Amino acid sequence: MQDGTSAPQRIAVRSSGRNRRPDSARLRRLNILVGALSLPLFVGLWELASRSGAVNMVLFPPPTVVAAAVLEWIRSGQFLVDLTASLYRVTTGFMVGGALGILFGILTGQFPVMSSLLSPLFHILRPIPPIAFVPIVILWFGLSEAGKLFLVVWGVFFTVWLSTHIGVQKVDRGLIRAALMLGTPRRQMLQEIVLLGALPYIVVGLRTAVSISFYTLVAAELAGTFAGIVYRIEIAQQNMQTGQVMGGLAALGLISFIADRLFAVLAERTVWWR
Amino acid sequence: MSGSRSIVKLALASSPASVDSARKQPAIQVSNLSIVFDTHRGQTVAVDRVSFDVAPGEFVCVVGPSGCGKSTVLNTIAGLEVPYEGDILVEGSPVGGPRPDVGMVFQQPHLFPWKSVRRNIAHGPRMHRKSRKEANAIADDLIAMIGLKRFADAYPNTLSGGMQQRVAIARALANQPRVLLMDEPFGALDAQTRAVMQDNLLELRDRIKATIVFVTHDIDEAILLADRVLIMSAGPGRILREVAVKLPRPRSSTIMVEPSYLSLKKDCLDVIRAEGARAFNQSDSN
Ligand SMILES: Nc1ncnc2c1ncn2[C@@H]1O[C@H](COP(=O)(O)OP(=O)(O)OP(=O)(O)O)[C@@H](O)[C@H]1O
Ligand SMILES: [Mg+2]
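Chains E and R supply the protein sequences, listed in that same order.
Take the first sequence: its letter number 3 is residue 3 in our numbering, and every next letter is one higher.
Take the second sequence: its letter number 36 is residue 36 in our numbering, and every next letter is one higher.
Hints are supplied without guarantee of correctness; some may be wrong.
[Stated by the list, open to error] Computed Cβ-Cβ distance ranges for the label pairs, DEER-style:
1. Lys209(R) to Arg173(E): 30 to 38 Å
2. Lys266(R) to Val271(E): 48 to 56 Å
3. Arg269(E) to Pro100(R): 32 to 40 Å
4. Arg249(R) to Arg173(E): 16 to 24 Å
5. Arg173(E) to Pro100(R): 45 to 53 Å
[Unchecked claim] Pulled a few chain E residues facing chain R out of the computed Cβ check, cut under 8 Å:
6. Leu180
7. Met181
8. Leu182
9. Arg187
10. Gln191
11. Leu254
[Said to hold, decoys possible] Looking from chain E toward chain R, a few residues come up when the C-beta cut is under 10 Å (computed):
12. Ala49
13. Gly53
14. Gln169
15. Asp172
16. Leu175
17. Ala179
18. Gly183
19. Thr184
20. Ala264
21. Ala267
22. Val271
23. Arg274
To be clear, the hints were calculated from the coordinates, so they are not data collected in a lab.
Predicted model only: the values in this text are computed from it and were never measured.
We treat Cβ as the ideally placed atom computed from N, Cα and C, and that holds for glycine.
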């Protein structure tokens, strides 16, 4: 529970009540309890609502049906195929887009000429949602993997480029002057000062890009493919397998959640001096 | 504050100029230095034909109102402000950029946040192709000297402002500069910490024997530390007056209540008061 979502409540709890210490301790325990109950409660209510007959069970299948669909998905071996295909697209797209973004961010951030040359172009291209490129990607790449990769790279690149660019530009001039006074040659300034100074920004950009790579994955797999989590959701929808659709959504949510968490841990280690 | 002697000996032994020739030649010669900045509102004359010499081993303080060009002069001597108009010689050779025999301490410590205290101090020696081992040995000597042994492996963000500035001083000393430039290094510290830092600096100075130019806008600080105080006018900066401080050393902050000290301070304040009135009238009549 290190995400920001529970912090405002905690602050509110702390400042309320006359006997703040014992009160806040008890309330915190209550909070943890409620937190642990959150998901089971939600699933339970959903099960009841679905089975009550108040809603259409085909469109709103209860969690048990969804779970059965997911189990079947896993047992058939198809889940592993889909997962591998999706993860492959996300990770390669993320790495290629991230690497390019960092590279160009350093170029435009460090060299004014490069910035004059490229920044206007990048700023025009950046706001176009990757999903808008699906039609042209199909024209260019057909149904090949290259097209999928292109979309994810596209989405990741601009986020990482911009944050790297800003990070490089924001490197404290004072640090550079100090480094110069200590005899750091100008040609070593990039590796000695600029990259490390920009690192916190780069890491934030990469972390944002993790969720973006999952958004673009959706666009990529809807652009026509033969395997993948989103592809499975689409097929299930065409067959009216609502349980499978929901299972797919849950899987997608879980995977991107895990990816984000893993990256957060990684990020903390990358900026080691914090 | 011990264990530094080895460095000091090194610094003295490695000095190319013999004591005799050093006595003849000033450590710093600034003549007719003018600096004009191009701004969007036209040109600002930051420094106007400033000339002064600093003798080897001398401790000179520069005081003057905010914006009078103290930092600009110092940055130019440091080689951070090129090109410039006029001549600056350090140890006899013209300044054309940052150089290893000139060290600088800024108002902000500007420590590298990703490096530990030891690595920060070792940075200079590393850049001068010393091995990691040698550089660390130099750093550890200096860490002992500034009394931060316990924090050798700490990162700057875990240190107080005073400790950070001590590290910044040690970092500048690691290259054994002949000339140490300090730009309001204690300006951001509270009065108590500043007093401690001043005493530390005086102690340190006796050991390193470097030539020091120290910018401040605190008259007390200037008189306490300096052999000579240069008083600058409001911008564009010129040198109004030089005041020799012939108070006995070693000094400590208790000197500030002695009559000889107070009369010196009065001299300085008179110059500053007259200049303040002049600047005020001038800006009024414009
Ligand atoms: N890079 C710059 N570009 C344009 N003008 C500058 C620049 N640096 C300094 N100046 C101007 O030069 C003058 C002197 O500035 P400087 O920083 O040297 O003053 P200072 O005496 O150090 O002041 P303070 O006590 O506030 O540090 C000021 O008028 C300032 O606006
Ligand atoms: Mg200044």
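Taking the hints in turn, this is what the structure says about them:
1. Look at Lys209(R) against Arg173(E): about 32 Å separates their beta carbons, and that is inside 30 to 38 Å.
2. Lys266(R) and Val271(E) have their C-beta atoms about 53 Å apart, which keeps the hinted 48 to 56 Å range intact.
3. The hint said 32 to 40 Å for the Cβ distance between Arg269(E) and Pro100(R), and at roughly 35 Å that hint holds.
4. About 37 Å separates the C-beta atoms of Arg249(R) and Arg173(E), a value inconsistent with the hinted range of 16 to 24 Å.
5. At about 21 Å, the beta-carbon gap between Arg173(E) and Pro100(R) misses the expected band of 45 to 53 Å.
6. For Leu180(E), the interface hint holds, the least distance from its beta-carbon to any beta-carbon of chain R being 5 Å, beneath 8 Å.
7. With 8 Å as the threshold, the beta carbon of Met181(E) comes within range of chain R, its nearest partner Cβ sitting at about 4 Å, so the hint holds.
8. A cut of 8 Å between beta carbons decides the hint on Leu182(E): the least distance to chain R is about 4 Å, and the hint holds.
9. Using the Cβ-Cβ criterion of 8 Å, the hint placing Arg187(E) at the interface with chain R is not satisfied: the shortest such distance is roughly 12 Å.
10. Against a cut-off of 8 Å between C-beta atoms, the interface hint on Gln191(E) is violated, since the closest Cβ of chain R lies about 12 Å away.
11. Interface restraint check for Leu254(E): the shortest CB-CB distance to chain R comes to about 35 Å, outside 8 Å, so the restraint is violated.
12. Among the interface hints, the one on Ala49(E) is violated; its C-beta lies about 51 Å from the nearest C-beta in chain R, farther than the 10 Å criterion.
13. For Gly53(E), the interface hint is violated, the least distance from its beta-carbon to any beta-carbon of chain R being 61 Å, above 10 Å.
14. Hint status for Gln169(E) relative to chain R: violated, with the closest Cβ pair at about 17 Å, above 10 Å.
15. Taken as an interface hint, Asp172(E) checks out: its beta carbon lies about 7 Å from the nearest beta carbon of chain R, inside 10 Å.
16. This hint holds: Leu175(E) has a C-beta 6 Å from the nearest C-beta of chain R, less than the 10 Å allowed.
17. For Ala179(E), the interface hint holds, since its Cβ comes within 10 Å of a Cβ in chain R; the closest pair sits about 8 Å apart.
18. Hint status for Gly183(E): holds, given a least beta-carbon distance of 4 Å to chain R, under 10 Å.
19. Checking Thr184(E) against chain R: minimum C-beta separation of about 5 Å stays under 10 Å; hint holds.
20. A hinted interface residue such as Ala264(E) counts as satisfied when its beta carbon comes closer than 10 Å to some beta carbon of chain R; here the least separation is about 20 Å, so the hint is violated.
21. A hinted interface residue such as Ala267(E) counts as satisfied when its beta carbon comes closer than 10 Å to some beta carbon of chain R; here the least separation is about 15 Å, so the hint is violated.
22. For Val271(E), the shortest C-beta to C-beta distance to chain R is roughly 8 Å, which falls under 10 Å, so the interface hint holds.
23. Of the supplied interface hints, the one on Arg274(E) holds, with its beta-carbon coming within about 7 Å of a beta-carbon of chain R, less than 10 Å.
In terms of the numbered hints stated before, the structure departs from hints 4, 5, 9, 10, 11, 12, 13, 14, 20 and 21, listed from lowest to highest.
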